[in-house]
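Take each chain as given, in its own frame, and dock them per the hints.
Chains E and P are the protein sequences, given in the same order.
Each residue of the first sequence is one higher than the last, beginning at 0 in numbering that gives the first Met the number 0.
Each residue of the second sequence is one higher than the last, beginning at 0 in numbering that gives the first Met the number 0.
To be clear, the hints were calculated from the coordinates, so they are not data collected in a lab.
C-beta atoms are modelled at their ideal positions from N, C-alpha and C, and glycine is treated no differently.
Careful, some of the hints might be misleading.
[Unchecked claim] In the DSS-like style, the derived pairs of lysine-lysine whose C-alpha atoms are separated by at most 30 Å in a straight line are: (1) P:Lys77 x E:Lys167; (2) P:Lys241 x E:Lys134; (3) E:Lys134 x P:Lys211.
[As the list claims (entries may be wrong)] So the derived label-pair ranges between C-beta atoms look like this: (4) P:Ile164 x E:Tyr10: 25 to 35 Å; (5) E:Glu2 x P:Val25: 51 to 61 Å; (6) E:Glu2 x P:Ile26: 49 to 59 Å.
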Amino acid sequence: MIEAKSLTKQYGDFTAVDGLSFTVNEGEVLGFLGPNGAGKSTTMKMLSGFLTPSSGTASIQGHDLTGDTLALRRCIGYLPEGAPLYGEMTVRQFLQFVARARSLSGSDAKRSVAQTMQRLNLEPVSSQTIETLSKGYKRRVGLAQAILHDPQVLILDEPTDGLDPNQKHEVRRLIRGMAEDKIIIISTHILEEVEALCSRAMIIAEGRLLVDDTPRGLVRRSRYHNAITLVVDHPQQAASALSELPETARVELKEHELTVFPQPDADLLAAVTGAVDMHRWTVSELRWESGRLDEVFREITGRAQQRGTV
Amino acid sequence: MQAMTNVLRRELAGYFATPVAYVFIVIFLMAASALTFYLGGFYERGIADLEPFFRFHPWLYLFLVPAISMRLWAEERKTGTVELLLTLPVTLQQAVLGKFLAAWLFVGLALLLTFPVWITVNLLGDPDNGSILAAYIGSWLMAGGFLAIGSCLSALTRNQVVAFILTVVVCFLFLVSGLPLVLNFFKGWAPQVFLDGISNLSFLSHFAAISKGVIDLRDLVYFALVMGFWLLANIIVLELKKAD
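Here chain P stands alone, though its shape is the one from the complex (with noise of 0.2 Å):
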């Protein structure tokens, strides 16, 4: 537990060292809010929730946490600090943990500061504050999820270019795995077991109901089940990959 909070310190203090924290978080909130108040038609809508500041959310992570994930490991492997890691009493499982939790803590921070958006929708009308703070939720797991995919994927190269395309584009087939695009293609031909397998794994159908502020444990245990699965993943690379 030590061992892993020392990675995540570190990890964390990382970002700050570095210009990536404050352009990450500038340009997450401006993109955010611009979604939200021209795609999302925020005022014209009138109504008084955050649904269209938080139905954009997948579409905003799937650029800005491939950004955020891609240098995870593929630094480590290119200047070969990962050497002087792994050597350290720290196990694959503690850097792994800890490395990733300090990328989520980082991206939940960036989601905190969209408050604004939150204090704006209070001052107009009267919204249900419940599950406002559920999406809050739903949409901090769900990057948690792209996170581990990169946190897999940057594993597997020493090039963080390579890493954030491949994230981009496995993190795009997760996000769209349940959109008549993808389901059409296997229809027809494929079992129907199979087409809601497909269409179950998508980030997508699983955000919809949470970001209306509806928590349901399914997607709960989805998220965390996407997480323990791409981390695991991680380590397994890792362990077959660090040495080249």
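Here chain E stands alone, though its shape is the one from the complex (with noise of 0.2 Å):
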């Protein structure tokens, strides 16, 4: 379990994270979501054992960060930022590094070297030194060293970033593969990954919890979910016949497309449909639609970003 207590970090007059508390239990996604300069890696960054806090605290497994980190990052896998590697090493070598600094024994480092490197495809590159790497081994490589030696916790900054659509799913089947029995924590700022992987999202600004929720309750955030998009032929007609439907709170018509807004726990789509057939319009587009997660994010951000400047 990772729990944090008003996690704090100060650089001089400018506070970076600002009395971050939360609970992580095994088998959570953690998704940090937020800005650029949210202080999402600044988070991890204490979480790791790698910042100290300016003040508040948080334990992992029962390790606590302001007391013996080396136990702490020893039950922790962490791929900071950028996924720094050591560019002279071959990916064997550093692997072999990391396993030996993770005090596994002869055999067992070879073993899960050998084993990290199949899950990841990594064989081919493997006497390959890391600096002729492209960007997705080079990520890939940065992950295999975070899960080498099977930790409970795994904190991963933008496990993603800079991967190809490919790659991305990879990475994401990987992550999701490990889900089971750890805590993961992972930070990004591509929304859909959020979707696709999490379990549960926090939204972070200016240091900041904003909003602690499941993707599925953040996208129900959105003023679009259960909404109807639809391109008809005759958009002015059939905006103003749509809004005498006793389901529709509001139509909005943006160049082509109409979108119809419903009633809190109305049928739309029904009524949707049932008038479109009544009045024999031709539809080229229709689309129910869960929610903007997009959207959400930059209505919570941007509430934030006022806030701030006033």
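Spelled out as structure tokens, the structure:
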């Protein structure tokens, strides 16, 4: 279990992380979301034992951040921001170095290095120096060193940054595969990643926790939740007709797209399709919206920014 | 201990994975020989000892050791690997000591490779090999002192060039603090105790005896203290600056 209690980090007058409190349990994949400079990386640096908090503390699997960080670091796998690596080493040398640092003995070290390389498809490049690898391979080497000792807690700072869509998919699959009995914290500014990967999301801005919810719960906060967007041949006429429906709260017309927002708990889809049938409109596109995460994100972090400037 | 040797091994292997090791060793050997035979007048003196060889070591180290030490921490900080290293179950002390020892062993290796000079002097005459050994040890200790200064200063910055220049300047001050050039500046207004203190800090005065083959416990303690002090400072600097 990870338990953070008013974790705070200050650099001079600047407060990077401001009294963050939360708990994470086994089996959870927690996503840190937030604009750049929100304090996501700083929080992860503190949890990994790299930075000492200015005040507050956190305990990971019973080890306190302000106490014995060596024991704490043993149960964590950490991928720092940008996945820094020793470029002059070969992939195998580097992983062996990490295995030894993780106190794995000879045969154990060999086995876990081999297993991890296989898991991340690193075998083809195992004897290449890291600096000659592509970005995707480098990121995977970074992940490999984090999961090498099969840690209980994984802290991954932007694990899919700079990867192409296929590689992103692979990394997400890997993380999901490990999620069951571990605690995983990832940070990202890719919103789809939160939906694809996380069981829980925390939106952070200016070092403060703004929202702590499931990805589904976040989507539900969107004003587009359960709305219907359609493209019809007579948008003006359709707009006025649809706004008459008892299920409709509001209709918006943007270029050719018509978005109908529902009254609470109304079955809007049936009503709209009924109206389409009745008026015999030609519909070229119709979609039901579950909610727009980017809109929720902008709204929540934008509000925080406004508060900050006033 | 195991964690420290692991850091040491990685670091030492790193020298040989890049051209750093080969360039350093070649330049060191060439410069050491040139100084011995041309400036030192090895043959002209007609004495079978290595005094003209060891005499120039402080000045050789002044420029070559910072070239080794400048990357110790500055590079780790620049590439961000310091975050990787210090979130492994490795303490700051183990990391600092491991990296320092790797650099020190490496300079030791370069020093060992000067053995042809020793063979030469043994072929030409009948030198006191005991005092030559003592001088080698003294020279290696002095290199350790330079390295500890360089390691600490390289933790101050992300820029290797800045680390190099800072280290050369600080090492130069430590070298010359016993010379009249520096002492005259303080003479007349500073108390004698202070003058003695400054003069005692000098690498040159402590190395002078050793290079003649006289090992004095005080000189050994001096170099050990210099290394201890600067490595401790190194740990503190890292603790404060690692996040910047």
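Checked hints:
no. : hint                           : verdict
1   : P:Lys77 x E:Lys167             : 27 Å, holds
2   : P:Lys241 x E:Lys134            : 25 Å, holds
3   : E:Lys134 x P:Lys211            : 56 Å, violated
4   : P:Ile164 x E:Tyr10: 25 to 35 Å : 27 Å, holds
5   : E:Glu2 x P:Val25: 51 to 61 Å   : 56 Å, holds
6   : E:Glu2 x P:Ile26: 49 to 59 Å   : 55 Å, holds
Violated hint: 3 only; the structure is consistent with all others.
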